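Enquirer: Since chain A is already given, all that's left is putting chain B on it; use the hints.
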Amino acid sequence: MSTSAAGTVDRRRLPRDWSRAVAWTAGAVILLVVVAAVFAPLLAPHNPNALNLNEAFSAPTARYPLGADASGRDLLSRLLYGARPALLGPTLAVLLATMLGTVVAVASAWFGGLADRVISRLLDLLFAFPPLLLALLVAATFGAGFTTSILAVGIAEVPYIARVIRTEAIRQRKRPYIEGSLVQGLPGVAIIWRHLLPNVAPTVFTQMTLSFGYVIVNLAAVSFLGLGVQAPTADWGSMVSEGQSSLVQGYPQESLYASACIIVVVVAFTVFGDWVAARMEARR
Amino acid sequence: MNDALLAVRGLRMSIDIPGSRERRDVLLGVDLEIAAGEALALIGESGSGKSLTARSILRLLPEGARMEGDILFRGTSVPGMDRRQLRSYRSSDVSMVFQDPRAHLDPTRTIGDFLVETLRACREMPRREAYSKAVELLDDVRITNPGRRMSQYPHELSGGTLQRVMIASALAPEPALLLADEPTTALDVTVQAEVVRILTELRTERNLAMLFITHDVDLAEVACDRAAVMYAGRIVEKQVASLLPSSAGHPYTIGLMNSRPELGRRAERLQPLAGRPLSAYEAPAGCAFADRCALVIGKCRQDPPPPLRRLPSTVAACHRAEDARALLTPATAAAPAPPASPPGTSATAALIEVRNVSRVFQARGSFRRAPIVAVDDVSFTVEQGDSLAIVGESGSGKTSMARMLVGLERPTSGTISIDGQRRHGRRLGTLDRAESARKIQIVFQDPYASLDPRQTVGAAITEALRLSGATDKSGLPGRTRDLMHLVGLNADLADRYPRRLSGGQRQRVAIARALAPEPEVLVLDEPVASLDVSIQAQILNVLAQLRRELAVTYVFITHDLSVVRQVADTVLVMHHGKIAERGLVTQVLENPQTDYTRTLLASVPSRMPTAAGAETAGLASPMVTDVAARG
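As they're listed, the protein sequences go chains A and B.
Here the working numbering is used: the first residue of the first sequence is 1, the next is one more, and so on.
Here the working numbering is used: the first residue of the second sequence is 285, the next is one more, and so on.
So that you can see chain B by itself, here it is in the shape it has in the complex:
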């Protein structure tokens, strides 16, 4: 197979651990091929080695890394290139786009400076020519008014526009291969849809090959032709992207897809993968996925890891791949329908009442800058036992709303009442801190920052319990254990510090802590947004179970409509600080009334048109055959 544009053969990598003589394996043998013009998705969770694979293609190795195996670009070995060859390879053959465009742009220089410099560096053209070429490139990535953008600075542009600028600069040398490392993860869904569409169009126009790194199986399906799934430093499955839902054969791939909540329906219970994703160095002997696999048999643990092998419907590294599909069917039981009464009509008094609330941020240090209106005259109520989702993109005001609900910020105008008591204000009848703690609690997005790094898990939960005053001193250890059990944490974790917990475990601790005062309302600010897909499902299940057991009212802040379907009964769509639409989840998701909601729904990856389209030549795909041939 020499007609592949890029071939990665037996790539292994290990890294020195700073300050010790230990080395850690990060890649355990990766084989990939990308043909000219083809888009390959590299799917994996954190620690799988997907980004390192992409970086090693550019020979951008982390400090202390040792690499084995070969990477062939048009038949030339990348590890064997000398300095000059490597420079020309990096500057003209392969380009890379990263997750955070802002981190890769110099904030003191204009977009024009940046692009002209890039063009002149890789194509040695006069300034004037480079300038017009840059404008052309901006136009190619569908940036409106490119001439004006040239003189703007990164801070004046949105994340989506900046990512398009990065794509334009990646295209400047007219590369044959684009490496895109989670290019849309930091972007809003509507912007993500736009960027994916642009990438797809550009690829067809320019016959550009792409390695698209993502954690999102749905996105891989729409953006790519083929997909490779990575787990613990190895490729575990290769499949035609559009066939992933129907023909994936590795239990991990199937598990990833089953653990995603669906936009179309609410599952009784999501089917999360057990445990957490492993990195290569933690992988046990045998199949690295064995401990999380429902189909594990003795052979999986005893034999060396199974190699990729060709099956009638897929290429997978699994002893049980033949049966996996049949045995791992997604949950079929749909959840009971949520209450049919539209929000705000029941006779009971509202638990939370938000009336004409606005939040204005005064830009400091500038006289000319207009104040930012984060929340603009918003009113809504939440009833006892309700689960309300506030959904919106960045800048919609959803997080400001959450912070005002729990009292971390004050509304500029308007009132918030909780259980009949005013949230803010000096008059009698205003919630004091202790009362507030027993009424409403919050779980934040980032589980790494929401626990005190110097407090053990047990101490953190006990502290919250003691404050609530609900338990006397002798009952504290018991209650702490109960709470840990409630959120699915093993009691031996009580002595651990947060840094020794996984993201999912930390988020469980944060939930347990928030539940300690037995609050009536739990505000959840994007509680699963920074977790791996397989962990998201675990946390969503815990939240669903808690709601059933404790009858706690949820206000769920999220950008993810599939999550809304899974956790909420009613939904409030926010856009630019205002309520765009509200109603029962079923109604809003199935029959949206506003254009904005419709756009939002159409941008969900599972609803986007696929890139490959009819290109389901199935397993006649060159790579699949090749891999099978080499075993």
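If we strip away everything but chain A, and leave its shape as in the complex, we get:
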């Protein structure tokens, strides 16, 4: 609080513009990654899987702008192609987790009582396993691969999404507009579909953007452990893992670039998601 002129008190807020600028930058990064993933075949200078053992561990050159990996594959091309599973995987996993989580949470909130207690304890059970461990368990049971890793990571994310949505759904469930619809004779399914879901949607969306960051990391970790996308398909998580052996030989590029990509995308999604969520919250 500052006193400018006698008798005038000003209490201004801090400039808010920077938070918006940061969010827009994050949005731009996301857009860039999406473009890279979609247009990878056009943008990539080489076939990401083309071997050229003569150029193994090549330093950045005009031919290989970011250098090449142990098998002489172009790193830039592999990073560009790697953006595809890096975006598609988390998107599918988050969608899966959101659908399951919302159904479970809304059922729990709507029926209450015994149903709520049983569902909540089951969620607690899932919480007890670290998500990565759970994902590994699923992947190990059903075999490695892109689809299983998505299923695994998605299911592991369900309790985190369900818990938050359940709380919000219970809050909305008790509000008079829902109770009024009950008195109006609207069937439960219709109330959930027409009134409850639209009103928990902002929470669902917020939770999705938060989960996205976690899911990217989890999927990359699953890939790193060799249970996700299988060789030779380019994938950032597998690249970190493959580049590991050459780290000690003094060629850190592959692991370094792939990790950097993961970090940048995670940060971008988190920042952008936070900002969108805050705006949705403010508009309510």
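Since the hints were made in silico from the structure, they are not lab data.
Any given hint could turn out to be false.
[Said to hold, decoys possible] Computed footprint of chain B on chain A, listed as stretches where at least three residues anywhere in the stretch have a Cβ under 8 Å from a Cβ of chain B:
id, region
1, 167 to 180
2, 194 to 202
[Stated by the list, open to error] Now the in silico label distances, taken between C-beta atoms and shown as ranges:
id, chain 1, residue 1, chain 2, residue 2, range
3, A, GLY112, B, ARG386, 20 to 28 Å
4, B, LEU692, A, TRP193, 19 to 27 Å
5, A, GLY27, B, LEU344, 32 to 40 Å
[Said to hold, decoys possible] Residues of chain B placed beyond 12 Å of chain A at every Cβ, according to the derived structure:
id, residue
6, ARG308
7, SER372
8, ALA387
9, ARG481
10, ARG549
11, LEU562
12, ARG639
13, ASP660
14, GLY704
15, LEU735
16, ASP756
17, ASN825
18, LEU868
19, LEU885
These numbers come from a predicted model, not from an experiment.
By construction, the Cβ of each residue, glycine as well, lies at the ideal position given by its N, Cα and C atoms.
Expert: Frame of chain A, contents of chain B only:
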């Protein structure tokens, strides 16, 4: 005038709108003076700026606020204070009491901790001394068994006791001025009466000045010496509190008083103010009240807002203040007397029959806690066309009763029948959901929560109509318009979302929606309790008119006896889950048979003894003269 304890001079304030470069005016020039020991009521509806005025006296400004003008406390400028001066001013000269005491107490700490900490912070005394001082303070605010209260937690005490604790803590620094922001609004009437009485006594004992913020003109009259009425960020009238009913001169003040239902009689029709209260930023050029004023003339809209000026009987900011009193007389026509037959004696079958109903809530998660009996063996009947008020304070079980009537809760024991059909149970002859919807509907208290925020007004009403099955698809738009018209809503509002409606408009939508299935009974759970005074009258009029036109039966849940008089024929007084008294409204209000009803009646502000008493030195009051002198 330097002998005023507090003087607010030309206070203006504007606030940044988050996320835009816009600023909104919230105060447009407030002048106030409070003498030592004097109680000034600041009366206004939502958005008038009354709370902001009080907060700016403590320099507690909202984020993004810019303030102009001066506030002088004992001649020292509050805006000009440095950090140290401000701290000592806030901690020892002026104290504030808020509406919700529970929000201002740490639930994990005892009352004793709280008071001792407050005392030590403002008076730097040893712990032992602070403790005994705290007990003394609790005793001063008439808390029984203060020693025991010291070791209790906020959740163990009632709202009224907590508000007294807050008052005790406000008194700890022995301030010269107490700012009380709607301190009794969240409390039951009987508790409100008690808190007002305590405040009045404390003020006399301690020569404490008070700024009492309220929306209730009756309460201002009994609790304060003088009153200032605010509208859209300006003071529009200053008057001796006890003279408000006889000498108020601003059409707004008169309108506020005329729109209140009276405890003593039922008006044929209340005289609500048109429209809704405006905030400063929405105010048109000229007089902000012009659009709602019955006496508006060309000058009101063209000229800049009229300044406060001195009149023979009042100080008002109005071009028409001389004539207002004569032209704006309250409705004189009393309503026709309600049917004289006492309830439950007519030969027709009861529409609602409640028999030995109890509702018990099992406290969860604790073995020791006793179950809470919300409704305890209650029986009554409601006949076709009746209007029954269920009146009671918080915890009386009135809301549980309403919820059981519409089927949102089940009675623990006993039966409820509607039109001969059992409300609950699996046997044949039990109401199903669709039947129930056509028999009985409910309107809730909070108009902000009773509409789906993601559904337009038209969609909400149409949905209810479609469910009722009474209208075929092609008739839906027409019926929707009819219903909106019926509750006094303009048809262009159909495309709006609830967030773009005022509280009164939302409550009309909720009523229209409840009427869509053409129910025989409408349960109204405190339908006007969260609305501004001028809007309450509009809604009560709509309800009265609907009853005449549709012959719908009302069950009206309320805490407000004046409202009971206005809307109900028979009344049921509930206390601790039981029926304390029942009968015709006229009988119960005029000749109460139980002590509880008598206490309830005596706690209504218009029946309370006034604080000022004989202190009607009239307009010789220093402030009035001063304001007039400064024009």
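Enquirer: Hint by hint, note whether the structure agrees.
Expert: Each hint, compared with the structure:
Here's how the region 167 to 180 of chain A fares: 5 of its residues keep a CB closer than 8 Å to some CB of chain B, so the rule of at least three is met and the hint holds. Figure legend: the region 194 to 202 of chain A, annotated as covered by chain B; annotation consistent (4 residues with Cβ-Cβ distances under 8 Å, at least 3 required). Evaluation of the 20 to 28 Å hint for GLY112 (chain A) and ARG386 (chain B) yields a pass: the beta carbon distance comes to about 26 Å. Under the hint 19 to 27 Å, the C-beta atoms of LEU692 (chain B) and TRP193 (chain A), about 20 Å apart, fit the expected range.
Judged by the Cβ atoms, the range 32 to 40 Å given for GLY27 (chain A) and LEU344 (chain B) holds: they are separated by roughly 38 Å. Residue placement check: ARG308 (chain B) keeps its beta carbon more than 12 Å from all beta carbons of chain A (closest about 14 Å). For SER372 (chain B), the non-interface assignment is confirmed: its Cβ lies about 16 Å from the closest Cβ of chain A, beyond the 12 Å cut-off. For ALA387 (chain B), the requirement that its beta carbon stay farther than 12 Å from each beta carbon of chain A is met, with the minimum near 19 Å.
Against chain A, the non-interface label of ARG481 (chain B) holds: every CB pair exceeds 12 Å, the least being about 35 Å. At roughly 33 Å from the closest C-beta of chain A, the C-beta of ARG549 (chain B) stays outside 12 Å, upholding its exclusion from the interface. The claim that LEU562 (chain B) is not at the interface with chain A holds, since no C-beta of that chain comes within 12 Å of its own (minimum 24 Å). For ARG639 (chain B), the requirement that its beta carbon stay farther than 12 Å from each beta carbon of chain A is met, with the minimum near 22 Å.
For ASP660 (chain B), the condition that its CB be more than 12 Å from all CB atoms of chain A holds, with the nearest at approximately 24 Å. Remark: the non-interface label on GLY704 (chain B) is consistent with the geometry, its nearest Cβ contact in chain A lying 19 Å away (cut-off 12 Å). Once the 12 Å rule is applied to beta carbons, LEU735 (chain B) is inconsistent with being away from chain A; the minimum gap is 5 Å. The Cβ of ASP756 (chain B) lies farther than 12 Å from every Cβ of chain A, with a closest approach of about 18 Å, so its non-interface assignment holds.
With a least beta-carbon separation of about 23 Å from chain A, ASN825 (chain B) lies farther than 12 Å from that chain, consistent with its non-interface assignment. The non-interface label for LEU868 (chain B) is consistent with chain A: the shortest C-beta to C-beta separation is roughly 29 Å, beyond 12 Å. The Cβ of LEU885 (chain B) lies farther than 12 Å from every Cβ of chain A, with a closest approach of about 30 Å, so its non-interface assignment holds.
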